[in-house]
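Visitor: Here is how the chains run, residue by residue.
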Amino acid sequence: MSAVIQTYTLTKKFKQDEVIKPLDFSVEKGEICALIGKNGAGKSTIFKMLSGQLTPTTGEIYLFGKSGKDMIQAKRRMGFMIETPVFFPDFTAIQNLEYFRIQRGVAEKKRINEVLEIVGLANQKKKKFGEYSMGMKQRLGIALSLLSSPDCLVLDEPINGLDAEGIMEIRRLLIQLNQEKQITILISSHILTELQLVATRFVFIKNGVIVEDVSKQLLDEKSRKQIHLKVDDTGKTAQLLERAYEDIQYKSLPDQIITIQNHIEKAGEINRLLIKNDVLVMEFRVEALNLEEYFLGLVEGAGEK
Amino acid sequence: MINYLKSENYRLLRKKSLYLTTAICFILITAAAFVLYYFNEADSHFPYGTSSFFYSNVLGMGVLIIIISFVYNATLTGKDISLTKQAVSFGISQSSIFWSKLMLTLCYFMFVCIAGILLMIGLGEILFAKEPETTGNFLIASFNMVPIVLSGFILIHTLKMLKISDIYNIIIIAFIYIFSGDLLYFVFRQMNGWNEFYLFAPSTQLNDNLMSFMHQSVQLDYHYWVTGIVISVIALFIGAATFTKQDIG
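Chains as they are written, first to last, in this note's numbering: chain A, 1 to 305; chain B, 1 to 249.
Okay, chain A solo, but in the shape it has when bound (with noise of 0.2 Å):
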């Protein structure tokens, strides 16, 4: 596989503020890689510097193997939506997509009512962009975005404001251009659930620093299981895990529950464990871990070991 972004040592400062930390990172062609992270991360940031909105600090930049002023040519075979998609108020679909198709040299005007029937927007050609739903904007910047046939994508809360059947649509859509067209796909959303059904590849990101990146297998893996304890005295539970395991990870939880998150082949010692002790367990099962609480185990601090 050959890297279509790579990053070195990229790094961003606001003012003294280092939004980003020094950034090594790569994605490779026919991945869909999710870019996740809490509002404020890092991310939107990330992907300004790799669409050239923002100048980055210090470090590398390169795009299909392309740096500096050669990247000028490796970005054409990109398509960027980053935040809010901005058109023409005043103008139709037609008529912003048709200013974007004459700046971006594709010679083919029927691109357009193709790019508006991929994503949906085929019956609103009169409509003005100034009149549209926030998931027509939505919408409109997924057409801009693959305008130009792109080969990478990179998506930036694209599904944002679209109801749920068209968060399946846009889902369906980028499986699609990944797998018919070969179309390299870094995408983030708020919406882990959306992002496991999507992505290939998970990369977390925390204060502007990667703190993990998994493949869907490994994540999968990782995220596999967990032990859901309800037991009468948490503080005790927590006493007697500690002791008993040295590198325990667990989560202390309302309702006297305690998840934790490693040691899961060890289930059944931990229970006879809280019951030689006197400890009153209510309920004891094995689950699995969405990405969310995934991601939240990996991201925040509260009740974490």
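Hint data in this document are derived by calculation from the structure and do not stem from the laboratory. It is possible that part of the hints are untrue.
[As the list claims (entries may be wrong)] Quick list of in silico lysine to aspartate or glutamate cross-link-like pairs, EDC-like style, CA-CA up to 20 Å:
(1) A/Lys225 / A/Glu287
(2) B/Lys245 / A/Asp70
(3) A/Lys137 / A/Asp90
(4) B/Lys79 / A/Glu287
(5) A/Lys225 / A/Glu283
(6) A/Lys128 / B/Asp80
(7) B/Lys16 / A/Glu283
(8) B/Lys79 / A/Glu98
(9) B/Lys16 / A/Glu131
(10) A/Lys21 / B/Asp247
(11) B/Lys15 / A/Asp90
Based on the hints, put chain B in the right spot on chain A.
Guide: Quick look at chain B alone, frame taken from chain A:
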């Protein structure tokens, strides 16, 4: 850059403000001519029914012309500037964006100015009594005004591209093109060698140009070009250098 120019032209030609401003300017010029013509016909002692007075109205409104140029420049540098991030994402350089928007709006503005001058000369020749040399003097005075007005346009472009708010933009323009002469005179009046520096101020030059025209003594003068070029070069240097390095997102 050519594709970017073409796309901006596509946008510009679909801007209502472009046509509206042009129409208003031409209507006002025509209305002014007909008002003078009407009073001249109604009152044989009316002193202002002459082509020279008609032309002097435009020569005396240099600052108004610069403010009108603001509207032309804003057709591509107003709210639409937020779309530049899409162009940058596609690999179009910020330098291309800066120069393309300037070239295109300047071309349309100059076209409208030339059409306006031709309209004035046409109306002046048809409606008012023939005055020897007036049209020639008007053309010379207009030519002297060109660098000052263009420097105003370029300065406005730079300030708009650097996202300086419109109110500050107008204050800066008003200061340079209305008050700069008086200020320079006041500051340098007692400094030997500098006490005539105010003659290079745009406001002084616009005023001198009008007076020369009114006294039928107007001549082509390089001083206007020196001032215009100095302001334009400084504005372009600061504008292009700063905008190119500016974060768009």
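Visitor: Hint by hint, note whether the structure agrees.
Guide: Structure-based check of each hint:
Only pairs whose Cα atoms come within 20 Å are accepted, and A/Lys225 paired with A/Glu287 is accepted, the gap being roughly 5 Å. Note on B/Lys245 and A/Asp70: the hinted pairing holds, with a Cα-Cα distance of about 18 Å set against a maximum of 20 Å. Of the pairs offered as hints, the one joining A/Lys137 and A/Asp90 holds, with about 13 Å between alpha carbons and a cut-off of 20 Å not exceeded. Restraint check: the Cα-Cα separation between B/Lys79 and A/Glu287 comes to about 52 Å, which exceeds 20 Å; the hinted pair is violated.
Note on A/Lys225 and A/Glu283: the hinted pairing holds, with a Cα-Cα distance of about 16 Å set against a maximum of 20 Å. About 15 Å separates the Cα atoms of A/Lys128 and B/Asp80, which keeps this hinted pair within 20 Å; it holds. Among the hinted pairs, B/Lys16 with A/Glu283 is inconsistent with the structure: their alpha-carbon atoms are about 70 Å apart, more than 20 Å. With a C-alpha separation of about 19 Å, the suggested pairing of B/Lys79 with A/Glu98 holds against the 20 Å cut-off.
For the suggested pair B/Lys16 and A/Glu131, the alpha carbons sit about 18 Å apart, so the restraint of at most 20 Å is met. For a cut-off of 20 Å, the pair hint linking A/Lys21 to B/Asp247 stands: about 19 Å separates their Cα positions. Only pairs whose Cα atoms come within 20 Å are accepted, and B/Lys15 paired with A/Asp90 is accepted, the gap being roughly 9 Å.
Checked against the numbered hints given earlier, the structure breaks hints 4 and 7 and satisfies all the rest.
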